[in-house]
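Those protein sequence lines, which keep their order, are chains A and B.
Position 384, counted from 1, in the first sequence is what our numbering calls 407; the numbers after and before it change by one each time, with no gaps.
Position 156, counted from 1, in the second sequence is what our numbering calls 179; the numbers after and before it change by one each time, with no gaps.
Because the hints were derived from the structure by calculation, they are not lab data.
These figures come from a predicted structure and were not determined experimentally.
It is possible that part of the hints are untrue.
Which copy is meant is left open, because identical chains are indistinguishable; a pair holds if it fits in one copy or across any two.
Said to hold, decoys possible - Here are the simulated BS3-like cross-link-like pairs (lysine-lysine), alpha carbons at most 30 Å apart as the crow flies: (1) Lys239 x Lys489; (2) Lys461 x Lys450; (3) Lys493 x Lys239; (4) Lys493 x Lys450; (5) Lys196 x Lys266; (6) Lys196 x Lys489; (7) Lys461 x Lys266; (8) Lys493 x Lys266; (9) Lys33 x Lys196; (10) Lys489 x Lys461; (11) Lys493 x Lys461; (12) Lys450 x Lys239.
So you can see what is in the structure, the chains are spelled out below.
There are 2 protein chains.
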Amino acid sequence: MSDQPMPVEKFLGDMPAEEFRATGHRLIDWVADYLEHSERYPVLARTTPGAVRRVMPAQAPAESHPMDVILRDFEELVLPGVTHWNHPGFFAYFAITGSGPGILGELLSSALNINSMLWKTCPAASELEEVVLGWLRELLGLPENFFGVVMDTASVASLCAIAAAREALPELKIREEGLPGRAEVPRLRLYASEQAHSSIDKAAITLGLGQAGLRKIPVDAEFRLRPELLAQAIEEDTRSGWKPFCVVATVGTTSTTSVDPVPAIAELCARHNLWLHVDAAYAGAAAILPEQRWALAGCERADSLVVNPHKWLFTPFDFSAFYCRRPEILRNAFSLVPEYLRTAEDSEARNYMDYGIQLGRRFRALKFWFVLRYFGSDGLRARLRQHIAWAQEFAAWVDADPDFERLAPAPFSVVCFRARPAELAEKLQSVAPDEREKLEAYCDELNAALLDAVNATGEIYLSHTKLNGKFTLRLAIGNLHTTRNHVLRAWRLLREHARRLDSDRRSAGWR
Amino acid sequence: MSDQPMPVEKFLGDMPAEEFRATGHRLIDWVADYLEHSERYPVLARTTPGAVRRVMPAQAPAESHPMDVILRDFEELVLPGVTHWNHPGFFAYFAITGSGPGILGELLSSALNINSMLWKTCPAASELEEVVLGWLRELLGLPENFFGVVMDTASVASLCAIAAAREALPELKIREEGLPGRAEVPRLRLYASEQAHSSIDKAAITLGLGQAGLRKIPVDAEFRLRPELLAQAIEEDTRSGWKPFCVVATVGTTSTTSVDPVPAIAELCARHNLWLHVDAAYAGAAAILPEQRWALAGCERADSLVVNPHKWLFTPFDFSAFYCRRPEILRNAFSLVPEYLRTAEDSEARNYMDYGIQLGRRFRALKFWFVLRYFGSDGLRARLRQHIAWAQEFAAWVDADPDFERLAPAPFSVVCFRARPAELAEKLQSVAPDEREKLEAYCDELNAALLDAVNATGEIYLSHTKLNGKFTLRLAIGNLHTTRNHVLRAWRLLREHARRLDSDRRSAGWR
């Protein structure tokens, strides 16, 4: 062998440290400026399908491009196609925040670039994960025996929960023998409300339960699962040969942020020996407030629960906190340790790869640790209170305006409403069904146009849903850069455009 | 309603821009310094289970902590527990790199904090994803009709591939009706070699196929799936009532980086109408080199393939590139569009949420775009060539040393070997089986001790596997900060410690 060190001038490595430093400083200034002035960009991208793709070359460059050029292209070619989730006028879906401390924590994570699959492959990552999930558990008032694991998304957390629920039926040997073609495996049935998130349907499909394996339970007038209908469904299904095994309750549904009656559901689950998973992805965060602790009532009896700090706890996407009261079952569902992943510490330290579907795991705990410490729990509470107060104020504006109506309760920071011209209010109550249908169609069209109009201003971005068949606008507050003035501005834009659109339509004889 | 703007002094928002700027500059300097001098830290954390957790308070702080304090704690409490994957002496598992341009791209992603679930929710993210996956496809020589989607990990990509394979049997109505308790669903069987990654077993469990639903095919002397045994297994299984539906071939197995004979496997899959998924998570990257293009031979016939730019293409974790020749089947397996996710562009633009299990999706394309442009494809090739050349040199050193032996071919940048004192070489060939077993046990213990000893130096970190029952050391090259001198240093440490350990053991009469 040759012991000659290789001549240094030939070595090709990473970006030189000085270049990293110079470009990094430039980007920090860019980001600081962006976070302060993101309102200079339209919140919803003004672009058409293909516009970004078309300005990009078809092939990767052979030669190296200077960072100057790459950053110029980022600003000129990429940025115009970005929808700005970190913009104070973002009120769509669930508004989220890539907060300053979170972004800085993520910067360190990506520099360390560790894989937290085993304790040994980054002990600090595993242990900080345990620490921050312990902190969050305590802030939410969940029991100490809830084991926590960080996942990427609630989609994956709920999938893992339902897989564990399946594994909680060890007599079926599903891990070993699988589901298909075995007469001894009854058709398994999972329950969730009609308002549950689509990720529950996706989990049912993925796990091989099929869409038929998920029975949707109707909701009450406030979009909450009706436990008496759940009880009935479980009994019916049992009689007709299904095997009920799991219920997913939602704390903060996607459309209206309704809270299912978890205490009653937990009681049913206990009676029928079903796994109770709670999807509290959005609204779980509210339980850090004493006055909102009611939202997690009954959840101490859940077998598993997911809450997303990347939604309403100001942590950059992605960070989903998954809790499980029966971690040994979760581990039974997923643990597989090939020789190349064995370590001397396997018996004394937790290897988080054993508790989910992914082997590779980022150092997500770091950014959440930054967020929790930088804001402090009192600071987080104060910010959530602001968002809730503004949403309540917005809801009151809607309620007080004769040309608008609210379509669902607003227990947290999301308001569901629509424009409904005052003259139609009484008619909608009194006219014959086919006439009412026409008026409803008018309202649907008006609100779809209103949504497009306000989103086209570039100042705000709202999304929609359908409630009882009605096209419904949603205003979701959750970004740390949003102030009361942004909410007020949203309301003014909505009123202004609704009146204009309705008046245009009346002039054109549409109603 | 009150039109009074809220007094500004009451508003609680994000970290102030000036504080972000100051802390950000400080962190960029820290990261630049870290990347340049990560050798000042021991590569494998010197800590014991619980050490990091114990120094953390049991509860989140109520008050806000200044960034100064948080960063001090990061350095003093967290960093000592970090195993440094971005250290030039990291040779364990698959060595990876959080490269400068990748870290900077990630910084922008976390500041934008978008969710690329729908085209509309960030058009630039969807389109840049298409662009960079097109660039990579072309660099790898894959056919143009391979549709690409970015996933977090190969674990998830392979799970999605096998779910699509299941969906490619529409007559079974698995999406709609699920698997359990239905006589019309035969027991499905998936095939992979004994050397396939544990994520394939995990996918089989998750999807409800069970461990029995995955049949492991023996490998040849070079750890490659034996296609004649695969053919036999498929025929046997078909005769005994199983329904073969999918084969996972591996290009670059985890233990030895062996390449399964994909052309022969593709032929079998075509004959039996089976979905062919290729797990090229690590070695696929090598195919950007003309001289390594052989590694993907036959893959143009695959139905799906995964390669991880976060492994050997210098992109910070996570970024897994998943390609599928039959995207409509992938979409059939997963697409679910509730009202709140409908947009006007659904018919003309691709919504990537339809092609996998997660709804939420980070802006991962940006960092890979930075990496591809900053290094250029020629630059990436030159760096991969260095890693391969050093691994070949290391393999030659092992081969030439009488006290070491190589335990597998080294086609890429990973070398499998062990210390085996010269005097034992002949004995291991000639002695009776029970005496050989004792000698093998001696070698296993010696190499386990050697692994611990070199890892304890803090200069290098290697991991292990078992090959034909033998405890095997793995040296994996893949970090951009690694130079030939680091490889040379690893070899010197290995020789030095092996001799000392063997000599200690001989003095103690162990052999």
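Intra- versus inter-copy proximity for Lys461 and Lys493 (alpha-carbon distance at most 30 Å):
Cα proximity of Lys493 and Lys461: one copy only (12 Å, versus 77 Å across).
For the identical chains here, do Lys33 and Lys196 meet the 30 Å Cα criterion within one copy, between copies, both, or neither?
neither (58 Å within a copy, 58 Å between copies)
First find the shortest C-alpha distance between Lys493 and Lys266 inside one copy, then the shortest across copies, and answer within, between, both or neither for a cut-off of 30 Å.
neither (35 Å within a copy, 46 Å between copies)
At most 30 Å between alpha carbons: which applies to Lys450 and Lys239, within, between, both or neither?
This pair counts as neither: shortest intra-copy Cα distance 33 Å, inter-copy 69 Å.
Which holds for Lys493 with Lys239 at a C-alpha limit of 30 Å: within a copy, between copies, both or neither?
Result: close within a single copy only, 20 Å intra versus 53 Å inter.
At most 30 Å between C-alpha atoms: does Lys239 with Lys489 qualify within a copy, between copies, both, or neither?
within (17 Å within a copy, 48 Å between copies)
Can you tell me if Lys461 and Lys450 fall within 30 Å by alpha carbon in one copy, between copies, both or neither?
Answer is within; shortest intra-copy Cα gap is 11 Å, inter-copy 93 Å.
When Cα atoms must be at most 30 Å apart, do Lys196 and Lys489 count as within-copy, between-copy, both, or neither?
between (41 Å within a copy, 29 Å between copies)
Please work out whether the CA atoms of Lys461 and Lys266 approach to 30 Å or closer within one copy, between two copies, in both situations, or in neither?
Close neither inside one copy (44 Å) nor across copies (53 Å); limit 30 Å.
Can you tell me if Lys493 and Lys450 fall within 30 Å by alpha carbon in one copy, between copies, both or neither?
Cα proximity of Lys493 and Lys450: one copy only (16 Å, versus 83 Å across).
Same-copy or cross-copy closeness of Lys196 to Lys266 [CA-CA at most 30 Å]
The answer is both: 15 Å in one copy and 20 Å across copies each meet 30 Å.
Pop the pair Lys489 and Lys461 into one bin, within, between, both or neither, using alpha-carbon distances up to 30 Å.
The answer is within: 17 Å in one copy meets 30 Å, while 72 Å across copies does not.
Figure legend: structure checked against the earlier numbered hints; hints not met, in rising order: 7, 8, 9, 12.
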